[in-house]
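Note that the protein sequences, when read in sequence, are chains A and B. Letter 305 of the first sequence, counting from 1, is numbered 305 in the numbering used here, and no numbers are missing. Letter 2 of the second sequence, counting from 1, is numbered 2 in the numbering used here, and no numbers are missing.
Note that these hints are calculated values from the structure, not bench results. As the structure is a computational prediction, the values presented were derived from the model and not from experiment. Be aware that a few hints might be false.
Under the rule of at most 20 Å between Cα atoms (straight-line distance), these lysine to any residue pairs were calculated in the SDA-like manner [what the hints assert, rightly or not]:
hint	chain 1	residue 1	chain 2	residue 2
1	A	Lys57	B	Gln184
2	A	Lys72	A	Thr271
3	A	Lys113	B	Asp315
4	A	Lys138	B	Lys156
5	B	Lys156	A	Lys57
6	B	Lys65	A	Tyr150
7	B	Lys65	A	Pro143
8	B	Lys65	A	Ile31
9	A	Lys138	B	Thr190
10	A	Lys113	B	Leu313
11	A	Lys57	B	Pro177
12	A	Lys113	B	Val33
13	A	Lys138	B	Ala61
14	B	Lys156	A	Lys113
15	B	Lys156	A	Val20
16	A	Lys138	B	Phe53
17	A	Lys138	B	Pro57
18	B	Lys238	B	Glu220
19	B	Lys156	A	Leu300
20	A	Lys138	B	Thr283
21	A	Lys57	A	Tyr47
22	A	Lys57	A	Ala291
23	A	Lys138	A	Trp180
24	B	Lys156	A	Ala291
25	A	Lys138	B	Ile43
26	B	Lys65	A	Val20
From the derived model, a few chain A residues whose C-beta atoms are all more than 12 Å from chain B [stated by the list, open to error]:
hint	residue
27	Pro29
28	Val35
29	Asp59
30	Val60
31	Leu67
32	Gln68
33	Asn71
34	Lys72
35	Leu74
36	Val91
37	Leu139
38	Pro161
39	Arg218
40	Asp244
Every residue, glycine too, gets a C-beta built ideally from N, C-alpha and C.
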Amino acid sequence: MQLTRTQTARAHSRRSLTDVQIQVLFIAPTIILLVLWNIFPLFYSLYLSFTEFSVIKPDVPPAWIGLQNYNKLLSDPRIWQYFTLTGRYVVTTVALQAIVGFGLALFLRERFKGSGLITTLILIPIMMSPVVIGLFWKLIYNPAFGIFNYLIGYSVPNSGPDWLGEASRALWAIIIVDVWMWSPFVMLLCLSGLKAIPDYLYEAAAIDRASPWFQFWRITLPQVAPLLLIAILFRTIEAFKTFDLVMGLTGGGPGDSTELIAVHLYRAAFTRFTTGESSALAYIILVIVIAVSNLYVRSLNRIRGES
Amino acid sequence: MAVSTTSVPITYATRVDKVGARYQFTRALRIAVVVLYAVISLIPVFWMVTAAFKSRPDVVAIPPKVFFEPTIEGFISLLTKRVLLPPGMIEEYKQRTDLNFAERIMAERGQRITGPSQYGQRLLNSVIVASASTVLSVLLGVLAAYAFSRFNVPGKGDLLFFILSTRMLPPVVVTIPIFLMYQQLRLYDTHLGLILLYTVFNLSFAVWLLKGFIDEIPREYEEAALVDGYSRLQAFRKVVLPQAITGIAATFVFCLIFAWNEYAFALMLTSERARTAPPSIPTVLGTGGIEWSAIAAGTLGFLIPVIIVTFALRDYLLRGVTFGALRK
Numbered sequence: 001m002q003l004t005r006t007q008t009a010r011a012h013s014r015r016s017l018t019d020v021q022i023q024v025l026f027i028a029p030t031i032i033l034l035v036l037w038n039i040f041p042l043f044y045s046l047y048l049s050f051t052e053f054s055v056i057k058p059d060v061p062p063a064w065i066g067l068q069n070y071n072k073l074l075s076d077p078r079i080w081q082y083f084t085l086t087g088r089y090v091v092t093t094v095a096l097q098a099i100v101g102f103g104l105a106l107f108l109r110e111r112f113k114g115s116g117l118i119t120t121l122i123l124i125p126i127m128m129s130p131v132v133i134g135l136f137w138k139l140i141y142n143p144a145f146g147i148f149n150y151l152i153g154y155s156v157p158n159s160g161p162d163w164l165g166e167a168s169r170a171l172w173a174i175i176i177v178d179v180w181m182w183s184p185f186v187m188l189l190c191l192s193g194l195k196a197i198p199d200y201l202y203e204a205a206a207i208d209r210a211s212p213w214f215q216f217w218r219i220t221l222p223q224v225a226p227l228l229l230i231a232i233l234f235r236t237i238e239a240f241k242t243f244d245l246v247m248g249l250t251g252g253g254p255g256d257s258t259e260l261i262a263v264h265l266y267r268a269a270f271t272r273f274t275t276g277e278s279s280a281l282a283y284i285i286l287v288i289v290i291a292v293s294n295l296y297v298r299s300l301n302r303i304r305g306e307s
Numbered sequence: 001m002a003v004s005t006t007s008v009p010i011t012y013a014t015r016v017d018k019v020g021a022r023y024q025f026t027r028a029l030r031i032a033v034v035v036l037y038a039v040i041s042l043i044p045v046f047w048m049v050t051a052a053f054k055s056r057p058d059v060v061a062i063p064p065k066v067f068f069e070p071t072i073e074g075f076i077s078l079l080t081k082r083v084l085l086p087p088g089m090i091e092e093y094k095q096r097t098d099l100n101f102a103e104r105i106m107a108e109r110g111q112r113i114t115g116p117s118q119y120g121q122r123l124l125n126s127v128i129v130a131s132a133s134t135v136l137s138v139l140l141g142v143l144a145a146y147a148f149s150r151f152n153v154p155g156k157g158d159l160l161f162f163i164l165s166t167r168m169l170p171p172v173v174v175t176i177p178i179f180l181m182y183q184q185l186r187l188y189d190t191h192l193g194l195i196l197l198y199t200v201f202n203l204s205f206a207v208w209l210l211k212g213f214i215d216e217i218p219r220e221y222e223e224a225a226l227v228d229g230y231s232r233l234q235a236f237r238k239v240v241l242p243q244a245i246t247g248i249a250a251t252f253v254f255c256l257i258f259a260w261n262e263y264a265f266a267l268m269l270t271s272e273r274a275r276t277a278p279p280s281i282p283t284v285l286g287t288g289g290i291e292w293s294a295i296a297a298g299t300l301g302f303l304i305p306v307i308i309v310t311f312a313l314r315d316y317l318l319r320g321v322t323f324g325a326l327r328k
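Given these sequences and hints, build the entire structure.
Structure (C-alpha cells):
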C-alpha cells in the first residue's frame, strides 16, 4: 500500500485527479440526482400525511390535522389484516423464488450442450411487462377457456377451480405468477456468483475427501450468499410493493382476499383520492420496509465480512 | 495457488468424485430438471406468442389450439383504429372494391378502419426513454460503485443505505409529489422527465449490484497498474472496467428491463407525447370484449427488442464473472 501511495502521488503530479476528487466526481452525480428526486417527494408526502388533503381538490389547501391520519390507520383492524396478508405473500413468494432460482442456478452451473440457450429461455418471463403478464395470466387462469386448468387435468370447460374467483385460491394464483416471473432473476444473480467460486476451494475439499453436503454448506452457499442476499433483498422490497401484477390479475379481489398493502394504498390514493391519509399509509409502509431491509443489509455485511 | 497432488489440475468439472456412473446419472437428472422447468415456464410465453397470430375464436378455444390457421388480424387491430359497422352496412361495405388488404380482413369482423393507432409512436417513445435512462443509470452506477468499492468514502454505509432506501417508497405515493413537481418544472409528459425518473429509479439497483461485482475484483490488479505508472482514472478505465464487464452487462440488461416495462409512473406522468408502450397495451380493448390477439401482438412487438439486446449480451451474462477465471 505504501508503495501504491507514492506511485499515485507521482501520477497526480501529472495532470491527474486526486483520489478525493475522483470520489466526489464519481459519487456526486448519483447522490445529487437521488436527493433531488427523492427528498422533495419524501418531505412533501410527509407533510401531506399530517393533513387532510385530496389531489382532485387542488383549490382546497391541505388542512393540518396532526396525527389523525396515523391514528385512524393504526386503529383500523383491516390495515393490520392487509399487512399480515402482504407479509405472508412476501415471505412465501420470495422464499419460493430463492429456492427455485438458487436450485436452477446450481443445476445450470456446469455447462452442457445447450445450457446457454436454456438459460436465455428461462429468463424470458422477466422481460415481459408485469401488466401484460397480469392480463395474459387472467386469460390463462380463466375457468372457461384458460389453458391452466386444461393442463392440470380439467379438460371440460368450467369443471376446474376458478383460480382468480375464489378467495382461498386467488393469492396462490398471484404467487404462482410472481414466482414464475421472478425466479429467473434470482437464478441469474446466483449463477454469476456460482461461476465466480474459485476452483481451488473444491480442489482442497476433494483432496480432503469432503462430502458433497459439506462442500455445499461450507463452500458453495457461503460464497454465493452475498449475491443471493442482494437478489433476496431486492425481491423482498419489490414484493412488498407488488401492485401492477395484482391490479392486472384480480384488482384485490375477490372481496379483499388479495388486497395487498400496496394495492390498498393505490385505491386510497387514486380511487378514493384521500391523499393525506394515503401519504400516512405510505410512511407506515416505508418504515416497515426500511426496518426489514436494515436487518437484511446487516446480515449481508456480516456474511461479507466472514467470507 | 492450490497444491495439487495430481499432474492434471482438478477443477470443479473434473473433480475425482465427479466421474463414474453415479455422477453421469445425476448430471442427466439435473439437465432433465432444467429442461423441464424451461419448457413449463415457456408455456405461457408460447401461448402469448401464438395468440398474436390467432383469430378471435381460436384464442379462447377449448381444447386449446396448438395448430391453427395463422392470421394477422391481431396486428391489424393493434396498428389501427376501428369502429364497429352498423349491422345493415356490413354487407354493403364488404362489397366495396376499393378496400385494401387490411380493411378487407377487418370488414369480415364487421369493423371499419378509421386510421392508424399510436402503437408505433408509443414503442418509439419506449425505445428512447428506456435506452437513454439505462445508459445513464449504468454510467452513473459504475462510477459511484467504483468509488464506494475502492475508497473509504466518509459516511459510506449511510450513503449506501440512503441509495438503497430510494427504492423502498411505493411508486404510487411518490407519484403525487413528483406529478406536482413535474408540472412546475415542465417535465410532465416529456421524454426527459421519464428518462430522469427511470434513471433515479434504477440507480440504487445499479450501484448496489455493480458494487457487488467490483468488490470481487482484486485490488492488486489496479495497484499493479498504479505501480506501472497509470493514473487512477487510467487504471479504472483499462483495468477495472474490462474486468467488470460481466457485471456491467448484467446490470444493463436488468435496468433496461425495468425501464422498458415500467407501468405506474408512465401511466401517471405522461399523456400524449411521451407515453410509452406498457400503459397503452392494456388499452387495446376492442368493441365487444378484450382483443386478446391484438394485446398479444402488441406484447410480442414489445418483447422482441429486449430479447434481441439480452441475446446480444448473453455471452457476458452467461460467462459468469470473469474474475472467477483470474482468481484461480
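Given hint lysine 156 (chain B) paired with lysine 138 (chain A) - CA-CA distance at most 20 Å: The hint is violated at about 45 Å.
Restraint status (C-alpha distance of lysine 238 (chain B) to glutamate 220 (chain B) at most 20 Å): holds, 14 Å
Restraint status (C-alpha distance of lysine 156 (chain B) to lysine 57 (chain A) at most 20 Å): violated, 43 Å
Straight-line alpha-carbon gap lysine 138 (chain A) to tryptophan 180 (chain A), limit 20 Å: Distance ~14 Å between lysine 138 (chain A) and tryptophan 180 (chain A) Cα, so the pair holds.
Non-interface claim for valine 35 (chain A), where every Cβ of chain B lies beyond 12 Å: Violated: least Cβ distance 9 Å, not greater than 12 Å.
Proposed proximity, threonine 190 (chain B) with lysine 138 (chain A) (alpha carbon, max 20 Å): violated, 32 Å
20 Å limit on alpha-carbon distance, applied to hinted pair lysine 57 (chain A) and alanine 291 (chain A): violated, 34 Å
Pair hint outcome, lysine 65 (chain B) versus proline 143 (chain A) [Cα-Cα no greater than 20 Å]: holds, 16 Å
Pair hint outcome, lysine 138 (chain A) versus proline 57 (chain B) [Cα-Cα no greater than 20 Å]: holds, 17 Å
Distance restraint between lysine 57 (chain A) and glutamine 184 (chain B), which requires alpha-carbon spacing of 20 Å or less: holds, 18 Å
Restraint check for lysine 156 (chain B) with valine 20 (chain A), where alpha carbons must lie at most 20 Å apart: holds, 14 Å
Hinted pair lysine 138 (chain A) and isoleucine 43 (chain B), Cα distance within 20 Å: holds, 14 Å
Going through the hint list in order, the structure does not satisfy hints 4, 5, 8, 9, 14, 22, 26, 27, 28, 37, 40.
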